[in-house]
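There are 4 protein chains.
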Amino acid sequence: MIKINGLSPATLTPFTEAFEIDYGALTAHIQHTSDATGLFGITVNGHAGEVLTLSYDERAKVIVTARAALPSSLKLIAGIESHATDGLVREGLRAKEAGADLLLVIPPFDIRTWRHLSHDSDSVYRVFERLDREVGLPMIAFSYPEASGSAYSMDALRRIVSLDHVVAIKCSAGTPAKYAEMHDALHDKTTLLVAVDTPSMLGMLMHHAPGALVGIAVVGTQRWSDLVHHATEGDANIAKQFHISFAVPLMRSIFEYHTHRTPTCPFGATKEALLQLGQFPSSVVRAPGVRVDDAKRAEIRAGLIAAGLLRT
Amino acid sequence: MIKINGLSPATLTPFTEAFEIDYGALTAHIQHTSDATGLFGITVNGHAGEVLTLSYDERAKVIVTARAALPSSLKLIAGIESHATDGLVREGLRAKEAGADLLLVIPPFDIRTWRHLSHDSDSVYRVFERLDREVGLPMIAFSYPEASGSAYSMDALRRIVSLDHVVAIKCSAGTPAKYAEMHDALHDKTTLLVAVDTPSMLGMLMHHAPGALVGIAVVGTQRWSDLVHHATEGDANIAKQFHISFAVPLMRSIFEYHTHRTPTCPFGATKEALLQLGQFPSSVVRAPGVRVDDAKRAEIRAGLIAAGLLRT
Amino acid sequence: MIKINGLSPATLTPFTEAFEIDYGALTAHIQHTSDATGLFGITVNGHAGEVLTLSYDERAKVIVTARAALPSSLKLIAGIESHATDGLVREGLRAKEAGADLLLVIPPFDIRTWRHLSHDSDSVYRVFERLDREVGLPMIAFSYPEASGSAYSMDALRRIVSLDHVVAIKCSAGTPAKYAEMHDALHDKTTLLVAVDTPSMLGMLMHHAPGALVGIAVVGTQRWSDLVHHATEGDANIAKQFHISFAVPLMRSIFEYHTHRTPTCPFGATKEALLQLGQFPSSVVRAPGVRVDDAKRAEIRAGLIAAGLLRT
Amino acid sequence: MIKINGLSPATLTPFTEAFEIDYGALTAHIQHTSDATGLFGITVNGHAGEVLTLSYDERAKVIVTARAALPSSLKLIAGIESHATDGLVREGLRAKEAGADLLLVIPPFDIRTWRHLSHDSDSVYRVFERLDREVGLPMIAFSYPEASGSAYSMDALRRIVSLDHVVAIKCSAGTPAKYAEMHDALHDKTTLLVAVDTPSMLGMLMHHAPGALVGIAVVGTQRWSDLVHHATEGDANIAKQFHISFAVPLMRSIFEYHTHRTPTCPFGATKEALLQLGQFPSSVVRAPGVRVDDAKRAEIRAGLIAAGLLRT
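Chains as they are written, first to last, in our numbering: chain Z, 1 to 312; chain B, 1 to 312; chain L, 1 to 312; chain A, 1 to 312.
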């Protein structure tokens with residue numbers, strides 16, 4: 001089984017003002033992100049990569065581009081997304097062919113018509129069983145929080161991690177308490193990656209977590225990697241200090257602690273942060289994502305300064 | 001403005017055992033359904049048509065097939081679905097070219113990443129404004145219930161019905177109370193179609209409703225059309241009688257009152273009902289939809305008998 | 001078993017400006033309400049009677065006063081409320097001694113500490129079993145809607161209606177669909193009273209309901225009694241007409257369709273309606289209930305006029 | 001303003017097998033708990049003290065007993081509970097007279113009838129304003145999590161902490177992210193006590209928390225006090241170690257991470273833990289609380305052993 005630990009940032013997809021993918025900027029973004037030490041790999045075509053707005057061709061080309069830009073020592077994780085099981089399998093095969101090392105399986109049940117099936121462990125199992133059999137790449141199952149209405153039950157998780165190719169769970173558990181519950185039930189069977197971009201992250205990392213897969217980590221990647229290292233197996237005092245002085249200002253200004261205080265797209269806000277740091281060409285997002293406005297730009301700037309990434 | 005009243009059944013998409021669309025059966029299904037009197041039109045590519053599992057090419061071909069099978073006196077309503085605004089516009093243009101008379105706009109926000117935007121009336125307006133401007137077909141906005149997490153606010157609804165091409169709301173309000181609230185706010189500005197396949201339908205129809213757009217009405221279409229007529233403007237005593245003796249047995253056995261008592265796909269159960277009535281080739285659904293099992297078949301048979309559609 | 005049908009209005013508790021119970025006004029309120037024909041009885045100490053703010057002594061005195069004011073042909077139903085099982089039993093015994101004919105058992109689980117127990121059918125059963133054994137009055141179990149977080153499961157309901165003294169369920173089901181589900185499961189074992197003061201009432205009444213227990217029925221009681229009669233066993237066309245022209249204007253202006261559009265206490269709004277009709281001394285409510293303001297007064301006046309109870 | 005920091009355990013109320021309060025055992029429990037160093041005070045009549053089942057006289061006598069047992073250097077915090085504003089004020093005055101130093105104000109809105117008022121900042125303010133004016137003891141406002149349906153809005157919290165006697169918030173925020181949001185908005189105006197008995201506690205303590213007010217801390221009080229000290233201002237590595245090896249086994253076995261995996265009353269489980277440690281006379285709880293069974297006893301025993309409090 002693949003051993004996954006440390007940080008795997010979920011990267012962004014840069015767009016031109018004409019809403020086309022800027023593949024040159026994507027290459028630079030992947031290279032810059034993967035410069036950090038302590039990474040397991042990087043993720044493309046996740047929610048942070050605005051996968052919902054990418055065509056199937058674009059998704060494949062993003063993988064090819066990322067693979068070319070990524071050192072061979074790092075793994076390439078590719079998100080796959082569809083509300084049809086056939087569609088997911090097709091996406092998986094395309095991602096494999098394009099060069100992905102692992103798949104991040106976004107839940108196909110997160111839509112009103114299927115949502116109740118996320119509580120039916122047979123239905124969940126059948127989807128992963130087909131991916132296991134027909135695609136054959138290592139998979140990370142993205143597990144949503146209860147509040148989403150499409151969380152997998154513990155029984156469903158237990159069944160899917162028994163499949164050969166399901167190597168990890170991306171735990172978007174809402175609370176450290178839920179992370180602990182999943183740890184108790186599953187830690188001897190699989191790897192539970194922390195996947196929240198909010199202040200709840202620290203407590204999860206300190207609760208036996210092996211690593212994290214988060215979008216916010218593309219902003220100041222090395223420090224996020226260090227935070228993950230210190231919270232999980234290094235010096236907890238340093239992790240606490242990084243949490244307070246570095247992580248929280250970014251979580252507040254960019255992700256708004258995931259409260260959706262404003263309608264701004266969090267991935268657009270992440271782009272804006274990298275734009276201000278000179279590492280990204282623009283903050284353009286595709287609709288219905290909402291682009292940052294001037295108030296948000298100022299808030300992000302203040303966050304970057306507070307985090308020590310930008311000078312006043 | 002198009003005046004919409006009476007019933008518009010949402011039709012099914014028949015599949016072969018190899019999961020291919022059976023276009024011959026689709027033609028027969030459309031013809032049979034449209035034989036009933038009192039219809040405004042029929043709907044394809046809705047949730048009942050398993051739109052989530054159809055490719056873009058299939059969606060277009062379903063429209064072409066339905067248009068050819070439908071009398072010119074009846075309107076063809078085509079569902080469009082995408083989580084990207086560009087994707088919705090593309091779907092709208094394709095549906096227009098394929099021969100749709102009206103669009104049924106499935107909410108693009110019904111997914112964790114966008115769900116909060118369904119409460120932001122600017123975001124909702126922007127999607128419909130683009131469809132209004134770039135597609136230019138009359139539109140029915142599908143409005144989800146609160147419990148879905150992606151209901152439009154009353155303010156958002158007020159704004160979108162001000163657009164020229166938004167001619168009706170498909171009200172999947174959970175309760176007659178919510179339908180009444182929407183009626184108070186919007187009835188002088190738009191048409192509010194009843195869209196629940198449960199026993200909550202009767203009370204909504206009697207509350208000033210002009211018509212209904214529901215999937216269950218493909219089973220015994222003429223009686224559903226009569227029920228809608230009597231509940232809205234005919235004899236309420238007949239409507240009540242039809243509700244008790246005809247509608248409820250089907251709502252219970254096929255749609256399980258939308259409780260998801262079993263994981264069975266409600267659209268597959270509807271297919272099974274038509275199969276037992278000799279009007280459909282099979283009950284095959286595409287995954288992750290769950291096909292009927294023997295217990296469900298027996299329950300549906302009992303429902304058809306209780307509703308007077310099948311002899312013992 | 002007691003046969004319960006027709007209407008049982010839930011009455012109010014009149015307060016003086018000093019927040020004391022006005023027992024004279026209570027007597028007049030009970031007498032006026034019970035003048036209508038077609039009633040099963042009347043309810044006191046329900047939520048409409050602001051039971052949460054009444055001391056135990058006041059609750060008993062309300063029962064004594066109501067019993068004295070009520071014709072012997074009508075039943076007196078008394079609400080009992082406590083978050084402790086012992087407390088509920090004590091309340092039941094006090095109500096029995098004070099002259100109640102039946103108890104309305106408000107769920108003891110509707111508080112964060114106990115809410116999960118409402119889903120544990122053993123816990124629900126134990127409470128009603130003790131009341132059954134130790135109090136020995138016929139009981140109506142108040143069943144809350146799912147959205148409350150303290151709804152009883154169908155299994156719990158099945159178990160408690162097997163007890164000798166549990167003679168009816170007050171169904172505050174959110175939707176006619178839920179009412180239908182309860183009807184299927186329980187109608188041959190108990191009586192399912194409709195208990196919503198919103199436009200969802202009509203569809204429930206037409207779905208085999210034997211009667212209703214609602215607070216709004218103290219305003220124009222005779223017409224509510226007629227509405228219940230016609231919807232359940234009379235002429236559905238008249239019921240539909242009463243719904244539109246009489247019931248809905250009151251449901252909108254007094255109960256705000258239970259949307260809590262304003263913070264106003266619905267029971268205070270009901271008091272204000274009776275005050276405007278010359279049947280109640282004041283609209284005073286006890287805190288934290290929020291008294292009507294001038295805007296609400298005007299809205300209620302418009303509602304009474306629309307319902308035909310007040311002249312312009 | 002009173003400076004509150006460190007730990008304030010919420011104590012239990014011991015009952016005899018006849019369900020009477022065992023005041024002798026209460027005295028011993030208070031004395032034993034208050035032996036630990038690093039405490040601000042202790043709490044009685046909270047949810048852990050089963051306040052919902054205590055009569056008003058019992059609540060007062062518990063305060064008198066606790067005051068007598070508590071060293072004068074420690075503060076006595078008394079919970080007050082009522083669904084009526086008058087009732088809360090009366091409770092506050094009784095608690096003051098009985099010797100409480102501070103009040104813990106349990107939300108009066110946590111019941112279906114009032115729940116919507118918890119989102120109306122005027123209504124929330126009015127309750128605390130009356131307590132501020134008419135009781136005049138320092139108050140800790142108990143703030144419930146969003147999932148309860150009766151969380152105070154940030155605006156309501158901002159307003160009540162402006163009152164002279166509101167000196168702290170007991171933050172039962174579901175997540176460290178919510179704690180962080182409250183910290184940002186309120187930390188310069190009030191004290192935010194951590195109040196979760198789950199693995200989410202550690203991350204909140206490390207996020208600038210001044211202290212904690214939790215029920216689980218009566219089991220091995222000195223170590224909880226040390227954990228709070230190290231997480232907030234001492235050595236984070238020790239706090240992390242205590243979290244893993246001491247706190248989590250107790251949180252899992254006694255509080256079930258607050259998942260209500262079984263119907264057992266968490267306060268009864270806490271009593272059972274102390275019974276096994278020889279510090280409590282029995283695990284009796286009042287109904288509807290559910291007493292521990294043998295399976296739960298064994299689980300608690302395993303938890304105490306894992307936490308190092310009991311030898312095998």
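Keep in mind that the hints are not guaranteed to be accurate.
The calculated lysine to any residue pairs, modelled on SDA-like cross-linking and capped at a C-alpha distance of 25 Å, are [what the hints assert, rightly or not]:
1. L:189 / B:259
2. Z:61 / Z:256
3. B:3 / B:137
4. A:75 / A:188
5. A:189 / Z:306
6. B:189 / B:5
7. Z:61 / B:56
8. B:75 / B:279
9. L:61 / A:57
10. A:96 / A:138
11. L:189 / B:258
12. A:3 / A:182
13. A:189 / Z:256
14. L:61 / A:119
15. A:61 / L:89
16. L:189 / B:279
17. L:75 / L:115
18. A:3 / Z:244
19. A:61 / L:16
20. L:96 / A:52
21. Z:3 / Z:86
22. Z:61 / B:57
23. L:61 / L:90
24. A:3 / A:167
25. L:61 / L:122
26. L:3 / L:163
27. L:3 / L:34
28. B:61 / Z:86
29. B:3 / B:75
30. Z:189 / A:249
31. A:189 / Z:86
32. L:96 / L:71
Rather than coming from a laboratory, the hints here were simulated on the basis of the structure.
Just so you know, these numbers come straight off a predicted model, no measurement behind them.
Going down the list of hints, with the structure as the test:
1. L:189 / B:259: 22 Å, holds
2. Z:61 / Z:256: With a Cα-Cα distance of about 31 Å, the restraint between residue 61 of chain Z and residue 256 of chain Z is violated, given a limit of 25 Å.
3. B:3 / B:137: 14 Å, holds
4. A:75 / A:188: Roughly 23 Å separates the two Cα atoms, so the pair holds.
5. A:189 / Z:306: OK: residue 189 of chain A and residue 306 of chain Z at ~22 Å, within 25 Å.
6. B:189 / B:5: 15 Å, holds
7. Z:61 / B:56: 20 Å, holds
8. B:75 / B:279: 22 Å, holds
9. L:61 / A:57: Holds - the C-alpha atoms of residue 57 of chain A and residue 61 of chain L are around 22 Å apart, at most 25 Å.
10. A:96 / A:138: 10 Å, holds
11. L:189 / B:258: 24 Å, holds
12. A:3 / A:182: Roughly 18 Å separates the two Cα atoms, so the pair holds.
13. A:189 / Z:256: 21 Å, holds
14. L:61 / A:119: 34 Å, violated
15. A:61 / L:89: Given pair residue 61 of chain A, residue 89 of chain L holds - Cα atoms ~23 Å apart, limit 25 Å.
16. L:189 / B:279: Not OK: residue 189 of chain L and residue 279 of chain B at ~39 Å, beyond 25 Å, violated.
17. L:75 / L:115: Violated: residue 75 of chain L and residue 115 of chain L sit about 31 Å apart, past 25 Å.
18. A:3 / Z:244: 23 Å, holds
19. A:61 / L:16: With Cα atoms ~33 Å apart, residue 61 of chain A and residue 16 of chain L exceed 25 Å; violated.
20. L:96 / A:52: 24 Å, holds
21. Z:3 / Z:86: 29 Å, violated
22. Z:61 / B:57: This hinted pair holds, its Cα atoms lying about 22 Å apart.
23. L:61 / L:90: The given pair, whose Cα atoms are some 15 Å apart, holds under the 25 Å limit.
24. A:3 / A:167: 8 Å, holds
25. L:61 / L:122: 34 Å, violated
26. L:3 / L:163: 16 Å, holds
27. L:3 / L:34: This hinted pair holds, its Cα atoms lying about 19 Å apart.
28. B:61 / Z:86: 19 Å, holds
29. B:3 / B:75: At roughly 11 Å apart (the allowed maximum being 25 Å), residue 75 of chain B and residue 3 of chain B satisfy the hint.
30. Z:189 / A:249: 20 Å, holds
31. A:189 / Z:86: 55 Å, violated
32. L:96 / L:71: This hinted pair holds, its Cα atoms lying about 18 Å apart.
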